[in-house]
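All chains should be built: construct the whole structure from the sequences, respecting the hints.
For the protein sequence lines, the chains are A and B, in the order given.
Residue numbers for the first sequence, in the numbering used here: 1 to 260.
Residue numbers for the second sequence, in the numbering used here: 1 to 494.
Think of the hints as simulated: they come from the structure by calculation, not from any bench.
C-beta: ideal position from N, C-alpha, C; glycine also.
Mixed in with the good hints there might be a few duds.
What the hints assert, rightly or not - Here are the simulated lysine-lysine pairs, BS3-like style, with alpha carbons at most 30 Å apart:
no. : chain 1 : residue 1 : chain 2 : residue 2
1   : B       : 484       : A       : 135
2   : A       : 107       : B       : 435
3   : A       : 135       : B       : 451
4   : A       : 107       : B       : 451
5   : B       : 421       : B       : 74
6   : A       : 89        : B       : 303
7   : A       : 135       : B       : 421
8   : B       : 421       : A       : 62
9   : A       : 107       : B       : 399
10  : A       : 107       : B       : 472
11  : A       : 89        : B       : 421
12  : B       : 46        : B       : 233
13  : B       : 435       : A       : 135
14  : B       : 472       : A       : 62
15  : B       : 423       : A       : 107
16  : A       : 107       : B       : 484
Stated by the list, open to error - Across the chosen pairs, the derived CB separations fall in these ranges:
no. : chain 1 : residue 1 : chain 2 : residue 2 : range
17  : A       : 180       : B       : 435       : 50 to 60 Å
18  : A       : 200       : B       : 302       : 48 to 58 Å
19  : B       : 383       : A       : 155       : 24 to 34 Å
20  : B       : 49        : A       : 101       : 38 to 48 Å
21  : A       : 231       : B       : 458       : 18 to 28 Å
22  : B       : 424       : A       : 78        : 17 to 27 Å
Claimed, not checked - Only some residues are given here: those of chain B computed to face chain A with a beta carbon under 8 Å:
no. : residue
23  : 380
24  : 431
25  : 478
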Amino acid sequence: MIPKANWLSINVKYLAILLLLTCIPLTASVGEYSAMANALSGITLLSDSVADYAISPVMAQKGLSTFYNRPFNSSELTILGLHNAVGRKNIFVGVGTTYLHHEDYVKHEPYLNLNYRFHGLGIGATGHMMYDSVKGEDGEFDFAYDLGAAYIRGDYGLELKLLRGDSADEQLAFGMKAALSPEVTTALGYVKEKNHDDYFRFGIAAELHEYVSLYGSWQNEPNRFGMGVQLNLDSWSVMYSVRTHTALDPTHAISLDIYW
Amino acid sequence: MKQALGLILLLSCCLAFAQVSEDALLGVHELNPQDISDQHTDDNYKEYEPFSGALSVSGYSGSTDYLVGYLHFKQESWLVRGGMRLEDQRSGNLQLKFKDALALGAYRPAWAQGLVFSAANQSPRLLNPPHPQSHAPLGLALNLQYKAWAVLAAVSAVERDVRLAGESISYLPRTKGLYLASTDERLGAFGVVYARDRFDVGALYYHQSYNRGFANTELDSVLNMGSTFIRLKGGSNTVQAELALQGGPAALKTMWESHSGNLHTRVGYARIGKYQRPAYAAKPLLLSSLDEREEIRAELKYKLRRSLSIAGGTVLNHRRGSLDDPAWLAHSSVRIAYRDRESRFSLALKLIDREILSEVDSSYVNSKPLHIRLQLSAAQRVHDHWSVELNARYHHQEKTAAINNGSYWAQHLVYHQSRLKFKTGFSVLSSANYKMLVIADNDLGYELWGKSNVQAELECAFRLKWWHITGKAQQELQDSRRTKLSLRLSSRFG
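In structure tokens, the structure reads:
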């Protein structure tokens with residue numbers, strides 16, 4: 001027989017965990033975990049992070065990215081990622097994995113991407129494998145795919161992505177970007193999700209200094225703001241970002257990117 | 001649909017990415033732990049071959065702590081090779097060899113297709129000693145040649161670990177370990193080979209005895225058998241056959257092999273009747289350890305370009321002597337591989353039939369459930385001294401009442417200079433119920449992962465003249481108390 005006080009504390013603990021785990025898919029059904037994705041609400045047209053191959057099959061970037069994400073400032077949840085991409089001529093291949101760890105829950109999502117960019121026109125596809133397990137048991141595998149097309153001309157671009165096709169998280173995203181000045185680029189996006197409300201998002205990237213860039217974003221449904229600062233040093237960068245939520249604490253993320 | 005798309009994507013990656021570590025025709029090696037560790041040890045000795053001396057000591061700390069050492073000394077035609085492993089007990093194999101004619105100590109004879117000893121697939125040979133933990137004949141072996149004639153002779157006496165059922169042998173382990181009982185094993189063999197340009201023929205007599213009987217009444221403690229083989233060579237074709245006689249119907253293994261331009265093919269047939277596998281014989285069939293079977297295999301490897309090859313094969317196995325009509329069970333593999341100076345890539349897919357003997361009254365049970373294994377290995381140089389590596393496996397196995405599957409995913413970043421190598425990354429095994437054997441750079445050459453696990457890895461290697469030192473640390477991220485450390489110091493000279 002569990003004493004009433006203990007029973008309550010156990011339930012409160014598990015309810016909190018459950019809330020956190022369920023909030024992740026509710027707030028963004030496709031995980032936007034890198035510092036860049038966190039700052040830009042998942043608008044990949046403004047991103048130069050290889051980690052964002054996880055949410056865009058048409059990144060056409062080469063390099064390595066690793067990140068740490070602390071969702072809703074929870075000390076019990078850790079999300080880690082390691083991603084890299086190589087390219088030859090116009091063909092790019094990205095591989096990476098995101099690993100979510102909680103004492104009672106584990107999620108692992110590796111992927112493989114192939115994308116082709118020619119004269120600004122890009123097409124790409126990604127295969128995802130998703131594994132999750134509760135308390136080391138009931139492990140389940142699932143598979144999904146991303147398809148995407150993009151046209152980038154200088155500081156202007158369009159992007160259309162189908163993410164996690166054939167899964168409960170399926171998402172169709174459209175985005176476009178335009179430069180307001182040589183230092184400031186903006187982007188606007190519309191996202192349609194299978195099991196959630198549609199929403200708009202807006203992002204901005206500003207190069208403050210040769211070594212410092214600022215990123216910001218907003219989305220409705222739910223209302224969330226993202227903001228990040230990136231330090232660029234030669235062929236590598238470090239970025240920190242934060243993203244608010246209407247009901248939960250903000251999410252923090254930090255990334256290290258190396259470009260080659 | 002989703003799986004198919006995933007496969008298409010993986011296949012398409014080969015256009016850009018890039019290697020193949022295995023030259024076997026059948027893409028995904030099915031990983032027999034002892035074969036891997038013996039092969040890994042053999043590879044170590046091959047690395048030492050150009051040098052007159054080499055020593056290596058490795059210490060491992062983790063769930064078990066142990067030391068492994070290897071030595072190699074060559075003086076003119078004499079060669080000493082051996083390894084030792086110190087754990088809770090000491091085990092090792094040491095060999096003194098004169099040319100390829102005489103071996104003293106632990107040895108491995110290779111003869112014909114492997115129905116008596118290891119498979120030779122060419123003239124009889126005396127192989128390197130196996131992994132220190134593997135059992136091997138201990139004594140004297142001769143492989144003498146005079147003009148067209150050759151003689152292979154071996155005698156061995158060894159006290160071997162055994163698991164007992166009562167006073168009888170229930171199981172003869174192939175590796176040394178902590179067993180409560182032992183048995184005396186005696187074996188002797190004498191064979192003659194006559195070799196010409198176009199053909200070889202040979203015959204061998206083999207005797208094996210134990211001082212205990214077997215619990216399995218179909219196995220004899222005293223085994224006498226004969227083996228004869230013939231090999232015909234003509235241009236790019238080789239046909240060979242081995243016949244082993246143990247009193248009952250003969251065991252037969254045949255193989256036709258052809259190299260023609262960029263095409264390499266092999267076709268084989270084996271028919272095993274009532275056959276007791278000799279103590280150090282190769283596995284007679286690829287798909288089964290049981291007798292009363294027959295097996296057909298066909299394999300091909302084709303080089304599409306200098307850097308790109310495709311290989312495939314299928315093995316069909318059939319149970320004989322049954323009143324019902326047992327199905328032919330198959331393993332089929334296909335592998336595509338690319339390698340150039342910058343990149344390497346290999347993708348292999350294996351489909352496995354596994355018979356499930358299940359009598360279920362009303363519900364349908366598929367007797368050939370889906371069982372696939374997918375393996376991906378790739379590396380790309382991204383800078384003068386930097387490269388990235390990926391190794392992944394996915395196994396999916398349907399069973400009568402459950403799905404058994406698991407995946408392994410490892411990503412590494414490597415820095416390499418002429419004297420320094422630095423490697424970091426992590427590996428993830430995702431599985432609720434699947435034991436997966438993964439090739440690893442350790443003493444055994446493999447690692448057995450039994451539960452979901454994530455580990456970060458750091459390796460540093462430094463070479464200075466004759467000396468080579470490698471340190472490696474692996475930390476489980478889900479349990480901070482689980483750390484694996486290894487340190488290897490080796491030297492080659494002369």
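So, going through the hints one by one against the coordinates:
1. B:484 - A:135: This hinted pair holds, its Cα atoms lying about 24 Å apart.
2. A:107 - B:435: Holds, at about 19 Å.
3. A:135 - B:451: holds (12 Å)
4. A:107 - B:451: Between residue 107 of chain A and residue 451 of chain B the Cα gap is close to 14 Å, so the pair holds against 30 Å.
5. B:421 - B:74: Since the Cα atoms of residue 421 of chain B and residue 74 of chain B sit roughly 29 Å apart, the hinted pair holds (cutoff 30 Å).
6. A:89 - B:303: With a Cα-Cα distance of about 24 Å, the restraint between residue 89 of chain A and residue 303 of chain B holds, given a limit of 30 Å.
7. A:135 - B:421: Violated, because 38 Å separates the two Cα atoms, which is more than 30 Å.
8. B:421 - A:62: This hinted pair holds, its Cα atoms lying about 23 Å apart.
9. A:107 - B:399: holds (24 Å)
10. A:107 - B:472: holds (27 Å)
11. A:89 - B:421: Holds. Residue 89 of chain A to residue 421 of chain B sits at ~28 Å (cutoff 30 Å).
12. B:46 - B:233: Holds, because 28 Å separates the two Cα atoms, which is no more than 30 Å.
13. B:435 - A:135: holds (18 Å)
14. B:472 - A:62: holds (28 Å)
15. B:423 - A:107: Roughly 25 Å separates the two Cα atoms, so the pair holds.
16. A:107 - B:484: Cα-Cα ~24 Å, so holds.
17. A:180 - B:435: 50 to 60 Å: Because 57 Å falls inside the window, the suggested range holds.
18. A:200 - B:302: 48 to 58 Å: This hint holds: roughly 53 Å between Cβ atoms.
19. B:383 - A:155: 24 to 34 Å: holds (29 Å)
20. B:49 - A:101: 38 to 48 Å: Since the Cβ atoms of residue 49 of chain B and residue 101 of chain A sit about 46 Å apart, the hinted range of 38 to 48 Å holds.
21. A:231 - B:458: 18 to 28 Å: At roughly 25 Å between Cβ atoms, residue 458 of chain B and residue 231 of chain A fall inside 18 to 28 Å, so the hint holds.
22. B:424 - A:78: 17 to 27 Å: holds (19 Å)
23. 380: With a minimum Cβ separation of about 4 Å from chain A (threshold 8 Å), the hint on residue 380 of chain B holds.
24. 431: Result: holds, 6 Å to nearest chain A Cβ.
25. 478: holds (7 Å)
Against the hints set out earlier in the document, a violation occurs for number 7 only.
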